[in-house]
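**Student:** Each chain, written out:
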Amino acid sequence: MQNTAIQAGAPPTANGHATAVTAEPPRVASRLPRPPKSPAMQVLEVLADLRITVVLFALSLFLVFWGTLAQVDKGVWTVVAEYFRSPVVWVPLKIVFFRAADVRGAIPYPGGWLLGAALLVNLLAAHAVRFKVSWRRSGILVIHAGIVIMMLGELVTGLFAVEGNMSIAEGSTSNYTEQYLKPELAVVSIASDHKDHVTVVPTDRLRRGGLIADSQLPFDVVVDEYMVNSRLVQAPPDTKLPTVALEGKRWIAQERPEGAGVDTDQKVDLASMSVTLKRKGTGQVIGSYLLTTHLLQPNWIEVDGKEYQVSLRFKRTYKPYTFRLDKLNVSYYPNTDKPKDYSSFIHLTDPSQNEDRDVRIWMNHPLTYAGETFYQSGVHREPGVGMATTLQVVHNPGWMMPYLSCFLVAGGMLVHFGQNLYRFLERRAA
Amino acid sequence: MLKTAHWVQWGIVALFGLYVGANLVRAGLGDPDKGFHLREFAALPVIEGGRVKPIDTFARSRLLVINHKQTFKDGDGKSRTATEWLLDAMLTKLVKGGGPGMQHKIFRIENEEVLGLLHLEPRPGSWRYSLAEFENHIGDLQTEVDRAKSVEAKNRTVYDGKVLELAHHIDLFVRIALLESPAVVPTSGDWLSLGQELRQAKGGAAPHPVAIHLFEALKSYHEGDAAGFNEAVKDYGAFFQKKMPELAGTTSLEVYFNELEPFYLCCVLYTFIFVLACVSWLGWFETLNRGAFWSMVLVALVHTWALAIRIYIQGRPPVTNLYSSAIFIGWGCVLTCLAFEYCYRNSIALAVGSVTGALSLLVAHFLALDAGDTMEMMQAVLDTNFWLATHVTCITLGYTAMFVAGFMGVTYVVAMASSLVFDLLSARAEGPAGPAGPTARPAASDSRDGARAFFTRFFETEASSVMSKMIYGVLCFAMFLSFTGTVLGGLWADYSWGRFWGWDPKENGALLIVIWCALILHARWGGMVKHRGIAVLAVLGNIVTSWSWFGTNFLGVGLHSYGFMAGAMFWLVAFDLVMLTVAGIGMLPLAAWARSLRPAPAAAAAQAEPAPVAQHV
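So the sequences go chain by chain: A and B.
Once you know that position 303 of the first sequence is 302 in numbering that gives the first Met the number 0, the rest is easy, because the numbers rise by one and skip nothing.
Once you know that position 50 of the second sequence is 49 in numbering that gives the first Met the number 0, the rest is easy, because the numbers rise by one and skip nothing.
Chain B extracted, bound-state conformation (with noise of 0.2 Å):
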């Protein structure tokens, strides 16, 4: 028989498991057999950024860029997905008036000297603007345009920044309510986008089965003839089913893969565990613990899941571009804490794996907005998987094994400040002359050592030590990995091009890392820091591999940028701002503090302890 304890902490994994299931459920659902068959026509292919992909991969990277999410609201404030919104954009040019694709609300425009321009009223919470609402001044947008462009990258301003965001959302969309994009018509070379098929129609030629199966579907769906949309969709399917049957799995398998947003689940529940973490060291240690780390197991299994779906729709080692980077941190860093925490059942590994999973993943998002389709290709110099596959993983490795060590060391200092906060308040609760001290507080009977114990008695447990261990393996494995990496994207440079080294931002970056590894292992191994001082060494490390990571990106950017990079530097320096706080908090002599609130007690506590290294953090 289970006991309630083993009840609830299976409970929970099997709350995950629901959770986790019912989505995969809800992502596979087909089309009824009545109405349009949108899914079917969504896993239909087309190329776009020089990669074979479905419709819907198309529609929700366009949608993305534009609106801002994968899904619009219709004129009745109901939420439609991005393939509703593609056909009715193709079908812009093909009705007359242009039909609804006109007036979906889907251009984001938040400057107010944009809506200005553009004799628009400010709409707060949404903020989007459908084409009909502004089509008639659109000349005097493009006069701005023109003179954004005269102007050097460097100089310009926010607002020409915003102009040319909006001139370019609209071009997207324009060039899809031409049929220019995407091409849609396979050929031996490159793919013809329905509107240069119907070119060529005109001049004769018989027009490619697929252009007439793709022009029955708009037209059917125009009219709402959804036996008629079928039909067409099905003959479409059908042409690709019989000569190039190679696709068509794939394409559906990604539908499957937007339809589900992994990365997006991940995100959510990783943010759960870390709730169940920190409440796991409030009480029920045992129960929520084990709860927590064997549905974080599960979550990690979506996670690889997704990534490994990710390199079998590329053909691609795992980390291609910056987003591919965020995601594979993520993974990395719960699977190193997924091993500590097996090892040391305190939660803390939990805490911090699920924090940088989630962070990083909520990264990936961010990062997602702005490249639309995440998969996108290699130039040419950067086109071979034998270096994509050592070098870039091994840095982004090292990059994973840096940010794990950092917030653990985060961690430690959290610990340490709240170690004091406690006695603080029980020295308060109990009077400078308290005979009970920490020992009056109640018996921690769920609790193991460096558990419960480890927010109030920190310095006296085995807890500091634990960590400082955990954060010296981590940089371990850390100065390895960058160093290995570093030297094989040297390699990788030498081969391609002749120069081992050329000093250039990105190569400094990864050289940076390297040098604040060995600068924290070096004086380790000089006894010059101990506990305490690799915990903050490590949390200044986080500053260097945010540099290295995302820093760089930012030096041609300039100043005056605009947009997303703006954003995500602002966001860059609050992270490095935080974590220069949290390091100098780490330095105060928290340590020394506490003890000096209760004398007595403690100094018993201590000699209690097994282990004597609390004595000198």
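Isolated chain A, as found in the complex (with noise of 0.2 Å):
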């Protein structure tokens, strides 16, 4: 039965299995001998090793357990960018033991780019190997082919697909995107020509902190300090930190850890930064403030007689088109608070594009507009506006391909464990 499986490059038997007798019968003897290897295919034969498959396999196996378990203290998108798209991961030790011993330190290990890199290759060094096209084989040419599809999809959604929320009060409108795992800082000025000038700085560069010096900025920023996620507290009367006004008192933020993976409730985690802003050259200090997504409305700031609007908020895209929510339903199951569905009734405009219509989006029935699907996400009480929807807006030009994965996968295996059992029932019979 195991013989219509893609086969090691050494026989079967030649695996130095402790225990396998020496008296099996040499059946591949009467293959040999064969034409000389070139030097290529003795290379591809070592990687389409079938024992290479199996270590990749185990490798990946702990990978995605500690990449579960990392989940326990870190958000999912750290760990999928830690864990999964990376080439290497330095595992702590307090996980490689399954959180069961607190113990420092840390391992390098392969991330999953590189095992998924390295099974691709094993994968198709095989199939280059032992290529042929039979009615036994086809069931793996096509699982297999399934297989490579899903990883490339992974990929293509890893480097290219953009996730955002659009955020939209009942009877308001939006017109862009935010990326919650994305706050930037922004920098805004109103040119001489009435338009905004926008100028930011991306996450990245944030988290490193330290002087941020750019000739597009108007002036010089250092990152005192940045939270990853905070909550806002009543600020002591006598604090040195920069504070922000809110409700006629003071507040300064606390960092809270982030928001770990396995939480039950999701929630976005809500960055703050403290700066200090300084004249471009001469160093000089302009002023501390504290920078926050908490707070919707940005700090005005005067510099040489010109305004700017400096805030922290999630990385924005704007749309060509426009979302008006003219209804948000909201319905229960009877006498509980545990909502049975969520529809948002839009009004789209797009000039564009010519158009001007009205679409419902709800759970489970998202809308595809412009390249773009709409997700019914979530509601919620937006304070001093009133209900609000979330809809989670996804750009990934490499959805389809988990469609024609699986298809092809399920398909494959249909096919060539049917053919096993069929030949199976048949010798029963026999």
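Just so you know, not all the hints are guaranteed correct.
[Claimed, not checked] Pairs of lysine-lysine residues, derived as DSS-like cross-links and limited to a Cα-Cα distance of at most 27 Å, are as follows: (1) B:LYS95 to A:LYS337; (2) B:LYS201 to B:LYS95; (3) B:LYS505 to A:LYS181; (4) A:LYS266 to B:LYS153.
Derived from the structure by calculation, the hints contain no laboratory data.
It should be emphasised that the depicted structure is a prediction, and the values quoted were computed from it without experimental measurement.
Starting from the two chains in their separate frames, assemble the complex, guided by the hints.
**Tutor:** Encoded structure:
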């Protein structure tokens, strides 16, 4: 039965299994002698070894398991970036020991990119070495083609997919999406032509901290502290920390741990940072400020008679179309506060496409428009505004690949295992 | 004429049939003419947890959460039904001094600190207390509850957890006593509780007929007036019969289902089948094996029927939560093993099927303790029958196949180890130079190949290769189902929120199963493992599957968790350790040791065997 699969470069009996009996008849001997192999073929045969496959599977198993355990402390996207979308990951020893022992230190371990690439090479080499079109092997070919597509699909998603959110209060409109994972520093100046001139500093740069000096920025920025997640607490009267004003009180930011991947209520991490702005060149301090994603309003800062809006906000992408939320419907199971369904009734206008129509987006019924898909994600009460809906907006050029892959792999398995089953039943009947 | 063996065989099946039949009849017994028509009352519809259900289900699930049992013991130590408890509980506020509802010892308190807080003496064995016994110290409890609530969930101690648990149980009771739950009066929107209805009536509104009937019934019950109670219940039922005729059939079916407790019944019977299968290896194989097989078919029918009823009542595909996954996995294991047993008739699949069936139903039983009503409503995003039917069913069947393969692996290792033990014993009995060897055992006239010999000369029989083939076959299915199920889950996620794969704990758990299956199958195709290797890997697969099924649920709970989940975590770790041990035993060169015990006859026996596979285990 097992002969239908790809065989290792070495014959099965030669793998040095401890209890293998040497008296095994040399079945492979009849195939020899072969014509001399090219060096390329020899290399391929080494790469195609099934033992490598099994080792890679074992390595992947631990990567995925540790990548799950890591989510007890870290957010899922941090873990994805560290473990699955990276060539090498430093796994803390605490995780290595299944969180059973509190040990310091970390070990390097192959990450998702590396293992995925290795598996891909191993798989392609195996097919290059043993490529043969036959009915018996067709299932395997199709399965592996599907797997390749799936792995490439994850690669395309990892590299090119963009996820954003659009939050609209009932009765208001929106024409941009926000990426909750990417808070950015935005400096807006009103130019003489009454257009906003926006300069942004991305998350990664902010996280690194230190001095940010760039010709596009009207001043130098020193990141004193960056908090991935934070809450606002009332400032003690004698605080030296920069504060923000809200509802007539002064507030400071307090660091909170990043929302963990295993938390049952997945909340957005609200970043804050304290910065010191300095005049370009002279290094003269303009002032220290607390910037936080808790607040929607920017800080107004005057430098040399010119006003700037400075804020830490989620990365925005402006769209050519506008969504207006006309109505929000939330239905509950009877006698509970467990929502049964959310629906957003939206009016969509897009002058560039001459679109002007009503659409409804609700649970499990997304809208696809302009290469993006809009999913009903959640409903919340926006203070002072009323009920608001959150739409998840996704652009993923590789979205089709998993569908194709699923179709191929499931079909291939049906063919392959079906053949096995058929032969098995045939033998039983005989 | 049937031979004795046949009589016994069908006698076994008939015994199982009788037991099942007696239970079916018992569950269907209606109310006695005289006395309270409690059964009729229990079938009346109420709303709780977002679904219309009979009073019976409400009462049972509440009592199950509070008391850990669906019944309770009254002052005389007599077992009484959940409906009787509910009636007493609902009368608490209406009766002076609280009445019997306050006196029933239903609150289970085991924690010594909590007992101390409430000035209660430990009551080993029962650990049940009535509200009347500690109502004077409710204030102290409230202080502790407020404190425990202010502690972040992750940092709570066991005591904090127990305090909150008890407070929750008391709250469930108080809501019933204040007539705030369940919702009984149907309206076009949310149903109203009797308490709400009474308040509206005080405001001058005409009371709803249902409220009047229920109030009458409660009053008559309190006064011991059976005729009055029965009259009120009849009118109560007539109202729904007229206004909502579609409910009546479903609720009385559900009461029957509750009364029968079919999954508990199946769990018990699977255990008996396991015993029969084991005994069949010792002797009288054909008779016991066939008897157990057909009995298992019978029990599987009950199991199937019970699953179907749940699907009908809930209007959902079979798996909607952890509880239903457990009963579905048990069902799948049993059916798979029945198919194998039909092909191979060696009691191996019978043993595996009955053990996995009984174990998974036991797990389900404990899950129900935590959940109360096991037919809960789905979160909005999960509210889709299409994906529940495809993705969830597929994944659960994948778990099923993994467990079948895993437990077959366990059986393989057990057989290997016991083979060694038997050989050790016989070698000692016969002395090292014993000429007869294994042939000296009494002739196994009624045993088929791989049955009785299975546990003695495992490596020379075909059993080893047969089992390995079974494990391989099931793993192929597991691979297919797990992969398809996992990918379907991805497609659902893509369809629902635009992300095919998010690397979250549950997804990763499913992926681990796929990777593990792929590893085993490729190792086998590459000749790295053979019979024994695949069995050991399948045993380790149980760890992967149990992690995917249960383990991921513990991640968010933290180490200082309490109550059910902490207990479940203990059992999960224990299960995994057992599997590791079994795999470890499986990796010992048992076959070589067994052979070394009896070199000459073994070699002769091996040559006589038709299958050479035994040589490279």
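**Student:** Can you give the numbers of the hints that this structure goes against, from lowest to highest?
**Tutor:** 1
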